[in-house]
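So the sequences go chain by chain: A and B.
Just so you know, we're using the numbering used here here: the first sequence kicks off at 1 and counts up by one.
Just so you know, we're using the numbering used here here: the second sequence kicks off at 1 and counts up by one.
If you're looking for bench data, these hints aren't it; they were derived computationally from the structure.
Cβ coordinates follow ideal geometry from the N, Cα and C atoms, glycine included.
Among the hints, erroneous ones may be present.
Each pair of labels, with its calculated beta carbon distance range [as the list claims (entries may be wrong)]:
no., chain 1, residue 1, chain 2, residue 2, range
1, B, Gln-97, A, Ser-50, 50 to 60 Å
2, A, Ser-50, B, Gly-78, 50 to 60 Å
3, B, Asp-316, A, Asp-8, 25 to 35 Å
4, B, Pro-71, A, Val-68, 32 to 42 Å
5, A, Gly-166, B, Gln-79, 14 to 24 Å
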Amino acid sequence: MSTDQTSDSAPLRARKDDKADGFTYVGRSVTINRPRHELFAFWRDFQNLSTFMENIEAIEFTGPDRAVWTVRAPAGTEVQFETEIVDIVDDTSITWRSTPDSPIKTEGRVTFADAPGNRGTIVTADIGYTPPAGDLGRVVAKLFMAEPNIQARHELKRFKMLMEAGEIATPINHRN
Amino acid sequence: MRALTWHGINDVRVDTVPDPEIINPRDAILRITSTAICGSDLHLYDGVIPGMKQGDVLGHEFMGIVEEVGPNSSLEVGQRVVVPFTISCGHCFFCQQQQFSACDNGNPVENQDASEKLYGHAMGAAFGYSHLTGGYAGGQAEYVRVPFSDVGPIVIPDGLDDEQVLFLSDILPTGWMAAENAGIGPDDTVAVWGCGPVGLFAVQSAMIMGAAQVIAIDHHPHRLELAARFGARTINFEQTHVDEALMEMTGGLGPDAVIDAVGMEAHGFALDNVVDAVKQKVGVGADRGHALRQAILAVRKGGRVSVPGVYGGMLDKWPLGAMMEKGLELRSGQTHVQRYTRDLLERIQRGEIDSTFLISHCLPLEEAPTGYKNFRDKQNEWTKVVLRPH
Chain A
1 MSTDQTSDSA
11 PLRARKDDKA
21 DGFTYVGRSV
31 TINRPRHELF
41 AFWRDFQNLS
51 TFMENIEAIE
61 FTGPDRAVWT
71 VRAPAGTEVQ
81 FETEIVDIVD
91 DTSITWRSTP
101 DSPIKTEGRV
111 TFADAPGNRG
121 TIVTADIGYT
131 PPAGDLGRVV
141 AKLFMAEPNI
151 QARHELKRFK
161 MLMEAGEIAT
171 PINHRN
Chain B
1 MRALTWHGIN
11 DVRVDTVPDP
21 EIINPRDAIL
31 RITSTAICGS
41 DLHLYDGVIP
51 GMKQGDVLGH
61 EFMGIVEEVG
71 PNSSLEVGQR
81 VVVPFTISCG
91 HCFFCQQQQF
101 SACDNGNPVE
111 NQDASEKLYG
121 HAMGAAFGYS
131 HLTGGYAGGQ
141 AEYVRVPFSD
151 VGPIVIPDGL
161 DDEQVLFLSD
171 ILPTGWMAAE
181 NAGIGPDDTV
191 AVWGCGPVGL
201 FAVQSAMIMG
211 AAQVIAIDHH
221 PHRLELAARF
231 GARTINFEQT
241 HVDEALMEMT
251 GGLGPDAVID
261 AVGMEAHGFA
271 LDNVVDAVKQ
281 KVGVGADRGH
291 ALRQAILAVR
301 KGGRVSVPGV
311 YGGMLDKWPL
321 GAMMEKGLEL
331 RSGQTHVQRY
341 TRDLLERIQR
351 GEIDSTFLIS
361 HCLPLEEAPT
371 GYKNFRDKQN
381 EWTKVVLRPH
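Just need the whole structure built from these sequences, with the hints factored in.
In structure tokens form, the structure reads like this:
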């Protein structure tokens with residue numbers, strides 16, 4: 001994915017103009033106090049993603065590197081899109097993009113890097129997306145919410161909670 | 001169960017609400033035997049902390065008997081425990097630095113957004129203290145759900161009454177950390193603003209840490225008497241010019257360290273405080289900072305400023321010039337309770353620390369609204385209120 005930069009070393013997702021190649025970029029870095037290998041292995045097993053990504057309804061594998069994602073959208077609707085893995089570097093990064101016939105155009109990368117000292121691993125997600133036109137586009141825009149970074153930030157924080165604390169914090173007092 | 005709930009400014013009620021249940025594997029459910037009203041609960045009562053919702057269960061100082069445990073709790077049913085007000089996971093970078101109140105994982109994700117905007121980083125979590133700190137139900141109730149119950153609660157040995165150990169949950173370690181943050185050495189003079197529960201524990205802690213002189217400042221005669229009982233000298237700010245008295249009582253040097261145990265609802269009719277109070281009333285998120293300003297001006301050059309008092313929003317007229325020109329150190333923070341509980345429990349067992357002197361009133365939970373009103377309005381006599389839900 002593009003990392004086109006000029007006089008500024010900040011990642012695209014932090015720049016005021018967060019658009020490039022027709023994509024809007026969102027994402028976040030979190031530092032997780034666990035070994036890099038462990039975090040990579042958990043993420044690499046894609047079925048695990050639904051434990052901290054609240055909007056995922058189902059992940060169905062259509063090939064060794066291909067999956068169809070069913071994502072809950074507002075008002076009881078669902079959105080489906082297909083992705084393929086473009087590149088995997090063990091314990092370092094996973095890069096994916098939507099397949100050519102997927103209704104939603106998206107690409108993303110999650111990277112795992114050692115944090116300084118004993119601080120664990122810096123996990124960074126960069127996700128680019130282009131909402132399609134028409135009704136589906138409006139649903140996708142709502143799905144990613146008015147502030148698309150919120151969703152990426154929440155999911156990475158839930159991942160961190162699960163990996164560090166073994167559970168995801170909630171103020172809920174009752175099971176139903 | 002019965003629980004004290006927040007309904008608006010000056011409006012707390014005892015309602016019937018559903019019993020809590022085990023939600024996460026590290027949870028425990030506690031049957032509350034004693035819970036206290038904290039000075040910082042009055043900030044909620046007065047409506048100066050944002051993020052409260054109608055029906056929220058209050059209370060962050062509590063203890064009780066373990067009733068039920070999740071599979072990953074280290075507690076056992078029947079154990080008697082005191083619970084820190086800070087909800088901390090024990091495994092993140094901050095918990096491992098013993099900075100428990102800065103825990104990354106206690107505050108639920110959805111509740112982190114507001115404080116992330118307000119403070120630059122999300123706040124840690126606490127029981128019964130607004131949705132900014134997690135929206136958790138508090139312990140002024142018959143039962144409470146305790147997350148991360150393998151990290152926070154401390155098991156109390158037989159032979160100690162609730163009154164002796166209850167304050168390990170907040171005000172005792174808060175007073176201790178206030179004194180620690182003041183960096184007290186053997187020849188030091190320490191001045192403490194506010195002789196509420198935290199101020200009085202800060203006085204007691206400073207004495208134990210070996211301060212040569214502790215000066216306590218308040219306007220309630222009875223609270224000043226309590227401070228004097230621990231060997232503090234006292235200043236009643238309604239009778240005396242605090243700044244002049246402090247200079248005279250320190251041979252013109254000023255105190256080596258100052259502790260602001262007042263927080264954002266400072267009393268008094270100094271001009272700056274009247275302006276602050278008006279702004280706070282009209283809701284522009286302004287804190288009242290008269291005590292803190294006075295402390296910063298009073299402290300000696302190169303001195304230390306410790307702020308255990310609760311502040312929530314913005315403060316203007318900050319004496320930044322005094323801070324910089326005098327070369328002051330400032331330390332503050334919500335208490336890292338779990339860091340102190342074991343040591344303080346041992347000091348209680350040895351008779352080194354007395355925490356019972358403070359309790360003026362014990363009430364059944366049903367009378368909690370009266371307790372709140374009197375704790376705020378009759379501070380001279382109502383020094384500390386303990387509620388008994390069972």
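Results for each hint:
no.	hint	in the structure
1	Gln-97(B) with Ser-50(A): 50 to 60 Å	32 Å, violated
2	Ser-50(A) with Gly-78(B): 50 to 60 Å	38 Å, violated
3	Asp-316(B) with Asp-8(A): 25 to 35 Å	34 Å, holds
4	Pro-71(B) with Val-68(A): 32 to 42 Å	34 Å, holds
5	Gly-166(A) with Gln-79(B): 14 to 24 Å	22 Å, holds
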